[in-house]
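Participant: Turn these sequences into a full structure, and let the hints guide you.
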Amino acid sequence: MDSLNTGGGTPPAQKNLPGSGQGMGVGIRLATELASAVFVGLAMGYGLDSLWGSRPWMMILFLFFGVAAGFLNLYRSVNQVQKRL
Amino acid sequence: MISSAIAAEVAHGVAQAAPKMDPLHHFQVVKVIPISLFGLDISISNSIIWMWISVALVWTFFHFALKNARRIPGNLQSLAEIIYIFVHDIVEQNIGEEGKKFFPHILTLFFLVLFCNLTGLIPGSFTATSQLVVTGTLAVGIFIFSTGLGFYRHGAHYLHFFVPSGLPVVLLPLMVPIEIISYLARPVSLSVRLFANMTAGHTVLGVLFFFTATLPWFGSWLPFGFSVIFTGVEIFIGIIQAYIFTILTCVYINDAIHMH
Numbered sequence: 001m002d003s004l005n006t007g008g009g010t011p012p013a014q015k016n017l018p019g020s021g022q023g024m025g026v027g028i029r030l031a032t033e034l035a036s037a038v039f040v041g042l043a044m045g046y047g048l049d050s051l052w053g054s055r056p057w058m059m060i061l062f063l064f065f066g067v068a069a070g071f072l073n074l075y076r077s078v079n080q081v082q083k084r085l
Numbered sequence: 001m002i003s004s005a006i007a008a009e010v011a012h013g014v015a016q017a018a019p020k021m022d023p024l025h026h027f028q029v030v031k032v033i034p035i036s037l038f039g040l041d042i043s044i045s046n047s048i049i050w051m052w053i054s055v056a057l058v059w060t061f062f063h064f065a066l067k068n069a070r071r072i073p074g075n076l077q078s079l080a081e082i083i084y085i086f087v088h089d090i091v092e093q094n095i096g097e098e099g100k101k102f103f104p105h106i107l108t109l110f111f112l113v114l115f116c117n118l119t120g121l122i123p124g125s126f127t128a129t130s131q132l133v134v135t136g137t138l139a140v141g142i143f144i145f146s147t148g149l150g151f152y153r154h155g156a157h158y159l160h161f162f163v164p165s166g167l168p169v170v171l172l173p174l175m176v177p178i179e180i181i182s183y184l185a186r187p188v189s190l191s192v193r194l195f196a197n198m199t200a201g202h203t204v205l206g207v208l209f210f211f212t213a214t215l216p217w218f219g220s221w222l223p224f225g226f227s228v229i230f231t232g233v234e235i236f237i238g239i240i241q242a243y244i245f246t247i248l249t250c251v252y253i254n255d256a257i258h259m260h
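Read top to bottom, the protein sequences are chains E and A. Mapping of the first sequence onto our numbering: residues 1 to 85, in sequence order. Mapping of the second sequence onto our numbering: residues 1 to 260, in sequence order.
Just so you know, the hints here were simulated from the structure itself, not pulled from any lab data. Here a beta-carbon is modelled for each residue, glycine too, at the ideal position from N, C-alpha and C. A couple of the hints might just be wrong.
[Stated by the list, open to error] Heads up, simulated DSBU-like pairs for lysine-lysine below, C-alpha to C-alpha not over 30 Å straight-line:
| no. | chain 1 | residue 1 | chain 2 | residue 2 |
| --- | --- | --- | --- | --- |
| 1 | E | Lys-83 | A | Lys-100 |
| 2 | A | Lys-67 | E | Lys-83 |
| 3 | A | Lys-20 | A | Lys-31 |
| 4 | A | Lys-67 | A | Lys-100 |
| 5 | A | Lys-67 | A | Lys-101 |
[What the hints assert, rightly or not] Each pair of labels, with its calculated beta carbon distance range:
| no. | chain 1 | residue 1 | chain 2 | residue 2 | range |
| --- | --- | --- | --- | --- | --- |
| 6 | A | Glu-92 | E | Gln-82 | 34 to 40 Å |
| 7 | E | Gly-27 | A | Glu-92 | 24 to 30 Å |
| 8 | A | Asp-89 | E | Gly-27 | 19 to 25 Å |
| 9 | E | Ala-43 | A | Val-170 | 26 to 32 Å |
| 10 | A | Leu-174 | E | Trp-52 | 25 to 31 Å |
| 11 | A | Ser-165 | E | Leu-30 | 37 to 43 Å |
| 12 | A | Leu-174 | E | Leu-30 | 30 to 36 Å |
Facilitator: Here's what the structure looks like:
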């Protein structure tokens with residue numbers, strides 16, 4: 001009986017682990033998704049500027065690219081999450 | 001060498017004796033055994049030592065859980081099996097049949113991140129995953145691996161990843177940089193997410209413990225109660241972050257194999 005009690009009933013508990021925290025995890029994931037793309041765009045613009053000596057312009061252009069990429073990533077991960085739920 | 005490091009630590013401790021809020025103190029990387037090889041600094045720091053401890057704990061856990069494995073598992077063995085099946089399901093759902101080749105790698109990654117997160121909650125320990133260098137190295141490794149896998153599988157065709165299908169040629173100069181940035185943002189978001197979660201949580205815990213230690217008795221129970229609750233939240237966040245790190249690794253490998 002003891003071994004039955006400890007061994008039984010594990011499959012439902014396993015399903016609870018991701019389900020209970022999914023909302024919070026998804027929220028954190030989406031927030032960093034947006035921010036990191038903006039940062040990468042900005043860094044790329046800054047790098048191109050110091051390469052070509054065109055100080056503010058590439059940074060401004062790639063900031064907009066970065067924001068667009070951020071929303072693209074956001075959109076894609078939301079789609080992914082919805083498919084899984 | 002070691003004694004001087006300890007002396008510096010003691011002097012630091014004496015300077016800290018007066019109550020002064022420093023919630024970032026436990027993120028300080030301290031060289032325990034300074035080693036320099038060909039001008040390269042490969043010192044053993046507390047971060048590395050706690051990563052070793054995490055790895056040793058994973059090994060010990062599996063050693064004792066599967067020591068006398070039986071058909072009807074005991075407590076420890078069923079816990080090990082649950083986590084194993086849990087990661088196995090993540091890999092299967094996200095990559096499919098082909099993902100089984102990468103399963104050992106992903107399971108190892110999951111356990112490393114999980115145990116680094118959880119051992120960091122022991123008072124006096126160091127959270128290796130609260131260093132951007134550590135999480136960044138893991139994320140860049142995954143990024144290089146999945147990109148290499150994509151080029152290995154699809155050759156130059158993998159570059160179509162950056163050109164969305166069915167797009168007018170006029171829009172290409174606009175969309176290609178956006179797609180490239182979106183691709184390059186992957187390791188950044190992967191590493192920053194884990195690092196920021198760990199750092200933020202432990203900083204809050206540090207502030208709460210400081211209040212508990214310095215407030216008079218009638219006030220200290222409040223931050224103490226919060227710190228107990230927040231430690232529970234931190235354990236939860238540690239597990240969730242390891243889960244997200246694993247699932248995103250699977251998503252990136254899946255993208256490399258199946259191209260969207």
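Participant: Compare the structure with each hint and give your call.
Facilitator: Each hint, compared with the structure:
1. For a cut-off of 30 Å, the pair hint linking Lys-83 (chain E) to Lys-100 (chain A) stands: about 22 Å separates their Cα positions.
2. Restraint check: the Cα-Cα separation between Lys-67 (chain A) and Lys-83 (chain E) comes to about 40 Å, which exceeds 30 Å; the hinted pair is violated.
3. A threshold of 30 Å between alpha carbons decides the hint, and for Lys-20 (chain A) with Lys-31 (chain A) the separation of about 24 Å falls inside it, so the pair holds.
4. A distance of roughly 25 Å separates the Cα atoms of Lys-67 (chain A) and Lys-100 (chain A); the hinted pair therefore holds under the 30 Å criterion.
5. A distance of roughly 26 Å separates the Cα atoms of Lys-67 (chain A) and Lys-101 (chain A); the hinted pair therefore holds under the 30 Å criterion.
6. About 20 Å separates the C-beta atoms of Glu-92 (chain A) and Gln-82 (chain E), a value inconsistent with the hinted range of 34 to 40 Å.
7. Remark: the range hint 24 to 30 Å for Gly-27 (chain E) to Glu-92 (chain A) is upheld by a beta-carbon distance near 26 Å.
8. For the pair Asp-89 (chain A) and Gly-27 (chain E), the beta carbons lie near 23 Å from each other, so the given range of 19 to 25 Å is met.
9. In this structure the hint that Ala-43 (chain E) and Val-170 (chain A) lie 26 to 32 Å apart at CB holds, the actual value being about 28 Å.
10. Checked against the given bound of 25 to 31 Å, the beta carbons of Leu-174 (chain A) and Trp-52 (chain E), roughly 20 Å apart, lie outside it.
11. Between Ser-165 (chain A) and Leu-30 (chain E) the beta carbons are some 25 Å apart, a value that contradicts the proposed interval 37 to 43 Å.
12. Distance hint check for Leu-174 (chain A) and Leu-30 (chain E): the Cβ-Cβ separation is about 24 Å, which falls outside the suggested range of 30 to 36 Å.
When held up to the earlier numbered hints, the structure conflicts with 2, 6, 10, 11 and 12 and fits the remainder.
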